[in-house]
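Let the sequences and hints guide you as you build the complete structure.
Under this note's numbering, read the sequence shown as residues 1 to 338, first letter to last.
Keep in mind the hints are simulated off the structure, nothing from the lab.
Treat each hint with caution, since some may be false.
Unchecked claim - Quick list of in silico lysine-lysine cross-link-like pairs, DSS-like style, CA-CA up to 25 Å:
#1 Lys-11 - Lys-26
#2 Lys-227 - Lys-294
#3 Lys-11 - Lys-23
#4 Lys-26 - Lys-258
#5 Lys-153 - Lys-185
Stated by the list, open to error - Listed next, with one range per pair, are the computed distances between beta-carbon atoms:
#6 Asp-304 - Val-7: 57 to 63 Å
#7 Asn-315 - Thr-21: 57 to 63 Å
#8 Cys-196 - Val-7: 39 to 45 Å
#9 Ile-49 - Phe-116: 38 to 44 Å
#10 Leu-269 - Asn-315: 34 to 40 Å
#11 Leu-125 - Pro-12: 39 to 45 Å
#12 Asn-315 - Ile-49: 44 to 50 Å
#13 Ser-209 - Ser-9: 25 to 31 Å
C-beta atoms are modelled at their ideal positions from N, C-alpha and C, and glycine is treated no differently.
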Amino acid sequence: MTLQALVPSLKPAPCNIYDETTKCEKVEGGNAALLYVAMYFVALGLSGIRSSGPVHGADQFDQNDPKEVMQMLGLGFGISTIASLMCAIVFFCGMPRYRIQLVQKTDAVIELFQVFVAAFRNRNLHLPQNHEELYEIDRVQETSEELEFLPHKDRLRFLDKATIQTSDSPNPWRLCRVTQVENAKMFLSIFPVFCCTILMSAGQAQMTSFSIHQGLTMGARIIGDFKVPPGSLPLIPVVSLIFIIPMYERFFIPFARKITGVPTGITYLQRIGGGLFLAMVAMAAAEFVEVRRKELAKSLGMLDAVPGVQSLPMNILWLAFQQAIYSVSEMFTNTGLQ
Numbered sequence: 001m002t003l004q005a006l007v008p009s010l011k012p013a014p015c016n017i018y019d020e021t022t023k024c025e026k027v028e029g030g031n032a033a034l035l036y037v038a039m040y041f042v043a044l045g046l047s048g049i050r051s052s053g054p055v056h057g058a059d060q061f062d063q064n065d066p067k068e069v070m071q072m073l074g075l076g077f078g079i080s081t082i083a084s085l086m087c088a089i090v091f092f093c094g095m096p097r098y099r100i101q102l103v104q105k106t107d108a109v110i111e112l113f114q115v116f117v118a119a120f121r122n123r124n125l126h127l128p129q130n131h132e133e134l135y136e137i138d139r140v141q142e143t144s145e146e147l148e149f150l151p152h153k154d155r156l157r158f159l160d161k162a163t164i165q166t167s168d169s170p171n172p173w174r175l176c177r178v179t180q181v182e183n184a185k186m187f188l189s190i191f192p193v194f195c196c197t198i199l200m201s202a203g204q205a206q207m208t209s210f211s212i213h214q215g216l217t218m219g220a221r222i223i224g225d226f227k228v229p230p231g232s233l234p235l236i237p238v239v240s241l242i243f244i245i246p247m248y249e250r251f252f253i254p255f256a257r258k259i260t261g262v263p264t265g266i267t268y269l270q271r272i273g274g275g276l277f278l279a280m281v282a283m284a285a286a287e288f289v290e291v292r293r294k295e296l297a298k299s300l301g302m303l304d305a306v307p308g309v310q311s312l313p314m315n316i317l318w319l320a321f322q323q324a325i326y327s328v329s330e331m332f333t334n335t336g337l338q
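Set out below in structure tokens:
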């Protein structure tokens, strides 16, 4: 990928994709093959690192050493806490240099709260019939400051009350710009989607952590003496996507385009919804496998069996179904969020 980005002959000529009059050169032939092979290698490499890293770190502790057993949890959580705190400090220290601060010269979070406060303060006022009467700064005079301007949209109109001008000396906590209010509307519109993706990420965490612990209690033998290490379970979504993504692009999108008339087959919000639905299906499949695993362990008196030493007569590939379904849900959700 680095070579393709640096060598001009391995990539198309620069092109402005936002200019409809310009015909951009497509990536085809050997260059396209090189790009896809590089992306697949990156995906395989990352999946191996992500699955092996935590296991390798945990293997450094000797569970038979009483001293390490007493310290390993405290040390592990302590390092994680300190690292998270350092990340937060670095993030907040960089806020004055973020692009939104340099361009708008204002704090986006404070502007958001100003809209809510101003709308609440003006809740008893009546909105004008003509939205042109809502407060907005003069575009011509403020062009040099590179401020953002958004058109008014007739939705979530209760927030429009923040733009009702009541005095000649505007107070930012009582009077806001139309653009500022439209940004707040967009935030409220995507907030439910944001909350749903949090739940999906929680399920993903189970797939990459609890599934490995499940695999330690299950039979890993596949063919002959070949065994599947539980730590390699995160490779299943990657392998699944290698086959699913071409089918999605070549078959699903053209078929859906004929039905919906949407160039992308389905809308971005429909992709997110489909991904969340498949995430629920994956978690339901995970629940079925876990119930079956515990019932089997209970019937055999192996509830207290040592993981990795005593294995249940249940193949580890039962966990592949939930992993594969969840990979498809991630594909839909991530493409929708983009």
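Query raised in the report: Given the hint that Lys-11 pairs with Lys-26, does the C-alpha gap stay at or below 25 Å?
Result: holds, 9 Å
Report task. Indicate whether the distance between the beta carbons of Cys-196 and Val-7 respects the range 39 to 45 Å. Result -> Given range 39 to 45 Å: holds, Cβ gap about 42 Å.
Query raised in the report: Honestly, do Leu-125 and Pro-12 meet the 39 to 45 Å range at C-beta?
Result: This hint is violated: roughly 55 Å between Cβ atoms.
Query raised in the report: Does the alpha-carbon distance linking Lys-11 and Lys-23 stay inside the 25 Å limit?
Result: At roughly 15 Å apart (the allowed maximum being 25 Å), Lys-23 and Lys-11 satisfy the hint.
Requested in this report: Given the hint of 57 to 63 Å, check if Asn-315 and Thr-21 actually sit that far apart at their C-beta atoms.
Outcome: Given a distance of about 58 Å, which is inside 57 to 63 Å, the answer is holds.
Query raised in the report: Given the hint that Lys-153 pairs with Lys-185, does the C-alpha gap stay at or below 25 Å?
Result: holds, 9 Å
Requested in this report: With a cut-off of 25 Å on the C-alpha distance, tell me whether Lys-26 and Lys-258 pass.
Outcome: Between Lys-26 and Lys-258 the Cα gap is close to 24 Å, so the pair holds against 25 Å.
Report task. Could you tell me whether the CB distance from Ser-209 to Ser-9 stays inside 25 to 31 Å? Result -> About 45 Å separates the Cβ atoms of Ser-209 and Ser-9, which means 25 to 31 Å is violated.
**Report entry** Range hint compliance [Cβ, Asp-304 to Val-7, 57 to 63 Å]
**Finding:** holds, 59 Å
Query raised in the report: Quick one, are Lys-227 and Lys-294 close enough, alpha carbons at most 25 Å?
Result: holds, 22 Å
Query raised in the report: Taking the beta carbons of Ile-49 and Phe-116, is their distance inside 38 to 44 Å?
Result: Hint holds: Cβ distance 43 Å, inside 38 to 44 Å.
Query raised in the report: Cβ-Cβ distance between Leu-269 and Asn-315: within 34 to 40 Å?
Result: Holds, at about 38 Å.
Of the numbered hints given earlier, the model fails hints 11, 12 and 13; all others are met.
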